[in-house]
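In order, the protein sequences belong to chains A and B.
Take the first sequence: its letter number 226 is residue 226 in the numbering used here, and every next letter is one higher.
Take the second sequence: its letter number 83 is residue 355 in the numbering used here, and every next letter is one higher.
Hint data in this document are derived by calculation from the structure and do not stem from the laboratory.
This one's a predicted model, so the numbers in the text were calculated from it and none came from an experiment.
Warning: the hint list may mix true and false statements.
[Said to hold, decoys possible] Below, a list of computed lysine-lysine pairs in the DSBU-like style, where the Cα atoms sit at most 30 angstroms apart:
#1 A/Lys-168 / B/Lys-362
#2 A/Lys-45 / B/Lys-309
#3 B/Lys-486 / A/Lys-131
#4 A/Lys-129 / B/Lys-362
#5 A/Lys-45 / B/Lys-504
#6 A/Lys-45 / B/Lys-375
#7 B/Lys-362 / A/Lys-165
#8 B/Lys-309 / A/Lys-263
#9 B/Lys-309 / A/Lys-23
#10 A/Lys-168 / A/Lys-129
#11 B/Lys-362 / A/Lys-45
#12 A/Lys-235 / B/Lys-375
#13 B/Lys-309 / A/Lys-265
#14 A/Lys-45 / B/Lys-509
#15 B/Lys-288 / A/Lys-45
#16 A/Lys-11 / B/Lys-504
#17 B/Lys-389 / A/Lys-45
#18 A/Lys-259 / B/Lys-375
#19 B/Lys-504 / A/Lys-12
[To be verified] Computed from the model, here is a short list of chain B residues facing chain A with C-beta under 8 angstroms:
#20 Phe-329
#21 Arg-350
#22 Glu-482
Idealized CB from N, CA, C, for every residue including glycine.
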Amino acid sequence: MASHSVIDELKKTQILELLEQGKRIDGRVLDEPRELSIETNAIPKANGSARVRLGDTEVICGVKIQPDRPFPDTGDKGIFMCTAELLPLSHPTVETGPPQPPVIELARVTDRGIRESHMIDVTKLVIEKDKSVVGVFADNVVVDYDGNLFDACSYAATAALLVSKSPKWNWIDDSPVLAEGEESPLPINTIPVSVTMGKIGNHIIVDPNGDEWDSMDARVTITSNSDGNICALQKGGDEGFTLEEINQCGEIAIRVGTKIREKLKAAQQAGQ
Amino acid sequence: MGGREATMVLMDENGKRCDGRTVDEPRRIMIKAGGLKNADGSSYIEFGDNKILVGVFGPRDVHPKHMSDTDTGILRVRYHMEPFSVGERKNPAPSRREIEISKVIKEALEPAVMLEKFPRTAVDVFIEVLQADGGTRCAALTAASVALADAGIPMRDMVAAIAAGKVADTVILDVNNEEDQAGQADMPIGYMPSLEKITLLQLDGVLTPEEYKKCVQVGVDGCKLVYELQKKALNDKYFGNKGD
């Protein structure tokens with residue numbers, strides 16, 4: 001992800017050999033994600049925040065909520081935006097400067113998963129129709145890299161949104177005026193969970209770590225919502241999936257997603 | 273940063289400041305050495321409500337190559353604030369303020385790092401401000417010194433930093449956000465206590481010649497306090513279990 005580090009061929013061979021025996025390099029079974037730990041409200045100055053560790057991948061997300069002008073064609077909806085950035089301290093190969101295509105894809109896939117699940121009910125974020133709406137910005141920063149940033153960023157943003165407290169604004173004299181002391185949780189419809197699977201040879205593995213990520217032939221990220229429906233998907237890498245594999249991935253994403261959703265709910269309750 | 277309000281009470285009749293501190297009392301400071309897995313050296317500092325993460329890489333090859341120097345290594349510093357680190361969401365692109373702070377921090381660290389030992393290489397220091405509350409450049413410089421030491425890079429000394437300033441006609445130590453906005457002067461100081469050299473010094477605000485001397489003295493004394501905490505952070509990481 002962070003640009004391909006030069007993984008030695010030996011490690012790639014070893015990963016594949018282990019997979020032939022149904023094992024993974026870090027001892028997990030194929031459909032087992034890494035340990036997920038979520039610390040909410042890590043940044044008290046943000047309206048909501050979370051520091052998430054997925055194995056050795058670490059992401060911090062801060063949510064800022066502030067009045068904004070609506071987009072011209074959607075004056076009856078608030079604004080939701082999710083970004084992701086790889087900080088240069090996350091890996092030796094990350095460089096400063098404008099984001100590279102893989103990072104732009106990361107930000108867009110993270111945004112899409114949450115947006116398309118309709119997690120945030122943006123119709124409830126209108127201060128004055130066509131004039132002023134509430135903007136919700138979830139900014140992810142990757143501080144340590146060990147593969148699978150898609151899921152780590154998605155969990156960080158979702159956890160931060162779940163514990164966010166939104167201020168309230170009233171429309172007075174043609175401008176939004178902050179109502180002191182009136183804070184409420186964001187209008188939440190569902191909890192999206194993204195699950196990324198890698199394909200190495202003919203094997204499908206859940207939540208690839210950094211070494212596995214570098215050895216992957218293809219990957220797919222599937223986001224499911226609280227009802228167990230699939231709401232967003234992104235395939236990547238330069239190999240293909242068979243129809244069977246894609247169906248299998250859909251099932252895995254929903255099954256693994258259900259367990260992770262429980263962790264996000266627990267983090268939400270602990271953080272409120 | 274922002275206009276100066278005269279209305280705020282920065283010092284009460286008992287000499288207590290707006291956050292309850294005495295004139296020469298710094299905010300709560302917590303420094304941790306290490307923490308990041310991929311960086312060669314790292315540190316985390318909480319300085320009042322500031323939260324800053326620093327990662328160091330190097331000495332390593334220089335890209336682009338033309339930046340390298342055949343006689344010495346080079347130091348590169350990036351100070352960057354997260355969009356959620358301040359009140360209103362900050363544009364993630366580097367601002368002119370961040371570029372200037374990167375430069376002064378780099379120049380404050382250079383005298384401490386023995387770059388001449390590593391010609392043609394670069395040492396990169398990445399400073400990420402997760403939450404800002406006045407005095408970020410001092411907290412960042414303090415943490416950057418610890419991260420460089422954690423990376424095992426030979427150094428002549430560590431740079432400790434804190435701001436002195438003036439509010440309500442009184443010289444104070446460790447200017448917080450309110451005091452920076454509404455106070456009379458803010459003087460960030462970076463100091464190498466063992467070598468007795470000041471490597472970062474800025475000032476905005478008006479001071480009499482006497483106040484100027486006092487400010488520098490108060491700041492240098494403050495740096496010595498910070499220095500002890502820097503050494504403690506490294507001790508805790510590398511010798512933490514000994515003697516317990």
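Hint check:
no.	hint	in the structure
1	A/Lys-168 / B/Lys-362	holds, 21 angstroms
2	A/Lys-45 / B/Lys-309	holds, 26 angstroms
3	B/Lys-486 / A/Lys-131	violated, 53 angstroms
4	A/Lys-129 / B/Lys-362	holds, 26 angstroms
5	A/Lys-45 / B/Lys-504	holds, 28 angstroms
6	A/Lys-45 / B/Lys-375	holds, 27 angstroms
7	B/Lys-362 / A/Lys-165	holds, 19 angstroms
8	B/Lys-309 / A/Lys-263	holds, 24 angstroms
9	B/Lys-309 / A/Lys-23	holds, 25 angstroms
10	A/Lys-168 / A/Lys-129	holds, 15 angstroms
11	B/Lys-362 / A/Lys-45	holds, 13 angstroms
12	A/Lys-235 / B/Lys-375	violated, 42 angstroms
13	B/Lys-309 / A/Lys-265	holds, 28 angstroms
14	A/Lys-45 / B/Lys-509	holds, 29 angstroms
15	B/Lys-288 / A/Lys-45	holds, 25 angstroms
16	A/Lys-11 / B/Lys-504	violated, 39 angstroms
17	B/Lys-389 / A/Lys-45	violated, 42 angstroms
18	A/Lys-259 / B/Lys-375	violated, 47 angstroms
19	B/Lys-504 / A/Lys-12	violated, 42 angstroms
20	Phe-329	holds, 5 angstroms
21	Arg-350	holds, 6 angstroms
22	Glu-482	violated, 37 angstroms
Of the numbered hints given earlier, the model fails hints 3, 12, 16, 17, 18, 19, 22; all others are met.
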